[in-house]
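K.L.:
Residue numbers (the working numbering), protein chains in the order written: chain Z, 1 to 114; chain H, 1001 to 1245.
Simulated from the structure, these hints should not be mistaken for laboratory data.
A few of these clues could be false.
[As the list claims (entries may be wrong)] Pairwise CB distance ranges, derived in the manner of DEER restraints:
#1 H:S1010 x Z:G109: 14 to 24 Å
#2 H:S1045 x Z:A32: 16 to 26 Å
#3 H:A1073 x Z:G109: 39 to 49 Å
#4 H:G1203 x Z:G109: 24 to 34 Å
#5 Z:R33 x H:A1108: 44 to 54 Å
#6 Z:A80 x H:S1045: 49 to 59 Å
#7 Z:L113 x H:A1131: 50 to 60 Å
#8 Z:R33 x H:R1105: 14 to 24 Å
#9 H:P1126 x Z:R29: 19 to 29 Å
Ideal Cβ positions, reconstructed from N, Cα and C, are used throughout, including at glycine.
Here is how the chains run, residue by residue.
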Amino acid sequence: MDTNRWLVILLCAAGTFLIRALPLVWTRRHLARRQNDTANTLPTWLGLLGPLMIAAMFGVSLVPVRQDWVGVIATLAGCAITLFSWYHSRTLGKPVFIGVVVFGLVTYGLTHLH
Amino acid sequence: MNNPTTNDSSLSPWLQGMRDAMPLLGGYIPVAISFGLIATQANFSVWEATAISALIYAGASQFLMVAMLASGASTWLVVVMTLLINARHVVYAPNLTPLVPPGRRWIALMHGLTDQVFALAHNRLPQLPMATRQGWYSGAALLAWVSWVLGTTLGAVAGASLTQQWPLLGEVMPFALPALFLVLIAPRFTSPLWFIVLGLTIGTALMLAVLQFSNAAIPVAAAAGALAYYVLMALNQKTGAEHGH
Chain Z
1 MDTNRWLVIL LCAAGTFLIR ALPLVWTRRH LARRQNDTAN TLPTWLGLLG
51 PLMIAAMFGV SLVPVRQDWV GVIATLAGCA ITLFSWYHSR TLGKPVFIGV
101 VVFGLVTYGL THLH
Chain H
1001 MNNPTTNDSS LSPWLQGMRD AMPLLGGYIP VAISFGLIAT QANFSVWEAT
1051 AISALIYAGA SQFLMVAMLA SGASTWLVVV MTLLINARHV VYAPNLTPLV
1101 PPGRRWIALM HGLTDQVFAL AHNRLPQLPM ATRQGWYSGA ALLAWVSWVL
1151 GTTLGAVAGA SLTQQWPLLG EVMPFALPAL FLVLIAPRFT SPLWFIVLGL
1201 TIGTALMLAV LQFSNAAIPV AAAAGALAYY VLMALNQKTG AEHGH
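Turn these sequences into a full structure, and let the hints guide you.
P.N.:
Structure below.
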């Protein structure tokens, strides 16, 4: 067993946990001090970052595993059908499932046509 | 536009959380299998690979950590680089704090607060009764964590044969993540201002990811979007004031 390797694993695990958990404690204290309606006491920029981080994750995840024209067309088709399905169903699971199926079919179809 | 996602009252909050987190599996399992495979190729044991996924539980930084350790980088450099990549998580908990009830258990539950779980929770928690939120989050986070850990073990044990046998699966399943993020972000396009701000954020993140700056892409794109938001708000107020005179 490599002791140094385990030391790195444990330090990274502790650090990552603290990065995730400490802001919860700090924000609770901040909100408790204000003792007002919680939704209105967070700084505006912090509330703004939530949807923006999700939008950024979407942008990063758009880069397909397969970075060629098949990947680009399949990604566009998958996104279009996911959005269409979400617009009509307003659910979470069904649009994602349909999007993955269409993405897979387009990838498979274009790969075999080519 | 709102997002009235269905709340199935016949399901317990835990099961409802697990059901909502199912789309995450499509993204988590193939990447976890890849991580397990890469870790064992870098001379990590199955146990070590599994422990990294169970304890650190942060995709991109795990790949970097394994690569740096395999190349003989110093302990502190590996720790600092890994934590720098994970630093973006610092803004997730403050965004969830107003949405969750008090309780010490939430501190431990923050271990499961990945990018994807945050995105899901930020969208779903406001739609749920306060009393069911801890159960919902626990179910969703547990399913995501278990899939990541088991996927890593599977990849470490049999990753090479799996990727050879089903090469297309590794290309198709990860599309579940952009599809999920799209469904989570779509209800936010509520005004021209948000169209511009979100479009700019998505475009910036995509461009940075294509240019191989994936780790910096999320915080940099979000910062660019926030800047655009404040600039547009200031312009809007200025125009409003001029029309008022």
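K.L.:
Determine for every hint whether it applies to the structure shown.
P.N.:
Each hint, compared with the structure:
Evaluation of the 14 to 24 Å hint for H:S1010 and Z:G109 yields a failure: the beta carbon distance comes to about 39 Å. The hinted range of 16 to 26 Å is not satisfied by H:S1045 and Z:A32, whose Cβ atoms lie roughly 45 Å apart. In this structure the supplied range 39 to 49 Å holds for H:A1073 paired with Z:G109, their Cβ-Cβ distance being about 44 Å. Between H:G1203 and Z:G109 the Cβ separation comes to about 28 Å, which falls inside the hinted range of 24 to 34 Å.
Distance hint for Z:R33 and H:A1108: a CB-CB separation of about 24 Å, inconsistent with the stated range 44 to 54 Å. Distance hint for Z:A80 and H:S1045: a CB-CB separation of about 44 Å, inconsistent with the stated range 49 to 59 Å. Range check, Z:L113 to H:A1131: Cβ separation about 53 Å, and the 50 to 60 Å hint holds. The hinted range of 14 to 24 Å is satisfied by Z:R33 and H:R1105, whose Cβ atoms lie roughly 22 Å apart.
A hinted range of 19 to 29 Å for the beta carbons of H:P1126 and Z:R29 is consistent with their spacing of about 22 Å.
Checked against the numbered hints given earlier, the structure breaks hints 1, 2, 5 and 6 and satisfies all the rest.
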